[in-house]
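Trainee: Listed here are the chains, written in short residue letters.
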Amino acid sequence: MSLVIAEGLTKTYRAGDVEVPAIKGADFVIEPASFVAFVGPSGSGKSTLLNMIGCLDHPTAGKLTVLGTDISTLDRRAAADFRGKNIGFIFQDFNLVPVLTAYENIEYPLIMVQEWPAEKRREQVMRLLKAVGMESQADKRPDQMSGGQKQRVAVARALVSNAKMVLADEPTANLDHDTAHHVIDLMKQMRDQFGTTFIFSTHDPKIMAEAETTYTLEDGRVLSSSHQPEVAHA
Amino acid sequence: MLDVLKIAARNLSRYRRRTMLTLLLIIIGMVAVLLFISVTGSFKSMMVGQITDSVLGHLEVHRKGYVASIDTLPLNLNMKPGAVTKVEEALKQDPAVETWSPRVKFGGMFSNFTETTTIRINGVDPAREAATAPLLPGRMAEGPKGGALVEKGQIVIPLLLARGMKVKVGDTAVIVATNRDGSVNGKTFVIRSVTEAISGPGGRDGYMHIDDARELLRMKEAEVSEIAIRLKDPAQLDRVTASLKETLGSTSGKSPDPAAAAASAGPGVASAGQPQLEVHTWADLSPFASLARMIDLMTVFIKVVLVSIVLVSVMNVMVMAVYERIREIGTIAAIGTRPSRILSLFLAEGLLLGVIGTALGTLVSLAAIYAINLWKPHFAFGQQSDLVMAPTIAVAQVVTVALLVVGVAILASLQPAWKASRLDPINALRHV
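First to last, the sequence lines map onto chains A and B.
With our numbering as the guide, the letters of the first sequence map in order to residues 13 to 246.
With our numbering as the guide, the letters of the second sequence map in order to residues 350 to 781.
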């Protein structure tokens, strides 16, 4: 079963009396355990698409099915529960909670969203810390970490509740080139290790080349898609 | 919930200065309220103690209508022996009653053989009066302070009268009184002692033995104007008053033969089932009760000020916390945190502010109360000087104020917490 199915997906914002179309009838399918990029210039609708796939926003028209659920049917609370169970998020600015350590940031969704018991939480967090190579930095707070380290913690946080899909909006925009590649590599490793689908947006051509499936957007339309089973970078 | 509290505590600690300032305001408010309650409570209990233990007792029983005419000390509204017996039986059955003192009160003329003035006389059983108003024997400005309050043939007069009439302890004076039938009688007394001027009712009262009073008034039977009652615990006042009102009010009304009961009890008890006895607390009889009520009112006002301080300071800090953490709220909402969970997180921050502020405020307040008790400041009340202020505070008062502060802190957090829980994740994540 496809993970995400978009059929005639449309999103229009209203600014006063003016309607501003952000997505204009997009059709695409995302399969499980894939590594997908939405690419395009600023304002092309990448973030809007990711927001809808992430159940943060509803389509104006068309249908978007995520993990078999029509997201238009979800109210605020149901959408929160759906995200908590199925979707992880990685943000451009990392968005870690500043007062919490790396360990606690990763643990946060298990406390606030899923309410796992303490012992199970500890095991899961340690597994993810190890997976992203941050075991030795577990006690550091975000202000004591580099950008790359923060994004590693963010990746671990996105995966900690066994999300089936991770959405990353410009995850490398605030990172230098090498660190950006390391983060993309890490995301791929996590996909391989946990079978999680990664969907990210970028306008960096070097980063978009890392994706196995790429959807190019312009002015709210999906102009093209390309598929390459495995890409290795230098 | 513990995890939410832990995260809330971390969030408070990240804005250390703001949190400290808010806590300081709560602590200052708590200290102000608890100190005010303890100091005014001490003053109030001392003031009430002076009134009840020197003059009035905790409550008094009169024949119906007596208090309404108390300025004229009407002899025709005295209680008859049957009524007195009924009252005494009721008092004996209530374990909260420590003792009581029957009094015969009347207005008379005081003469030093050259001048004459008016005087209000209390005819008392010395031992019972001293037990009911235990501060009275110690308030003798002149004359013996120990021993019997007054013996037969002796009189105790107030200081103002002694000065005005230029008499002293050991002098002889004549008291002239008109009895209920209109006949005038006089009797010579030796001045045993002179009382300090007491503020409030009783301030111009003299004392003589109850047998002398009855003889002077040519009473044919042992009538009583009032019965003053002392309780073991003044906190039982309301309960005992209600109990006495019920018992004495229904004395003859529930009798199988009301006519016979009224006849045996005399006109002081009841007729036709109507209560003929009245029970009054000290507060009903003393103008200083309004001062005590004013203290209570001021305490309420101070509590309102405290509520305002806590409400404004906690709401301010929480509004700022939400505003400064909009992106963070957007993040936790995006990763699937339910709105109710976000609400509880911010409420937990308000709760912690309230609890920590209350705990510290209580500690500082108790330390301040302890320090005042070590310091022992003196003050005067009416004619009484050199009274020592010894503030105390009941656990119930501390708990009430603490719950009030914590409750208001949570209430103040409610609006910002609600706002945080309703933030749209997309807009919140875009917030700069």
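To be clear, the hints were calculated from the coordinates, so they are not data collected in a lab.
Errors might be hidden in some of the hints.
Restricting the straight-line Cα-Cα distance to at most 27 Å, the calculated cross-link-like pairs of lysine-lysine (DSSO-like) are [said to hold, decoys possible]:
| id | chain 1 | residue 1 | chain 2 | residue 2 |
| --- | --- | --- | --- | --- |
| 1 | B | LYS355 | A | LYS97 |
| 2 | B | LYS355 | A | LYS132 |
| 3 | B | LYS517 | A | LYS142 |
| 4 | A | LYS152 | B | LYS355 |
Here are some chain A residues pointing at chain B (derived, C-beta under 10 Å) [unchecked claim]:
| id | residue |
| --- | --- |
| 5 | PHE40 |
| 6 | SER59 |
| 7 | ASP69 |
| 8 | ALA91 |
| 9 | LYS97 |
| 10 | ASP105 |
| 11 | PRO121 |
| 12 | GLN126 |
| 13 | MET220 |
| 14 | ALA221 |
| 15 | THR225 |
We put the CB at the ideal spot given by N, CA and C, even for glycine.
Trainee: Each hint needs a verdict: does it hold in this structure or not?
Mentor: Each hint, compared with the structure:
| no. | hint | result |
| --- | --- | --- |
| 1 | B/LYS355 with A/LYS97 | holds (23 Å) |
| 2 | B/LYS355 with A/LYS132 | holds (19 Å) |
| 3 | B/LYS517 with A/LYS142 | violated (100 Å) |
| 4 | A/LYS152 with B/LYS355 | holds (17 Å) |
| 5 | PHE40 | violated (21 Å) |
| 6 | SER59 | holds (9 Å) |
| 7 | ASP69 | holds (6 Å) |
| 8 | ALA91 | holds (9 Å) |
| 9 | LYS97 | holds (7 Å) |
| 10 | ASP105 | holds (8 Å) |
| 11 | PRO121 | holds (5 Å) |
| 12 | GLN126 | holds (8 Å) |
| 13 | MET220 | violated (22 Å) |
| 14 | ALA221 | violated (27 Å) |
| 15 | THR225 | violated (24 Å) |
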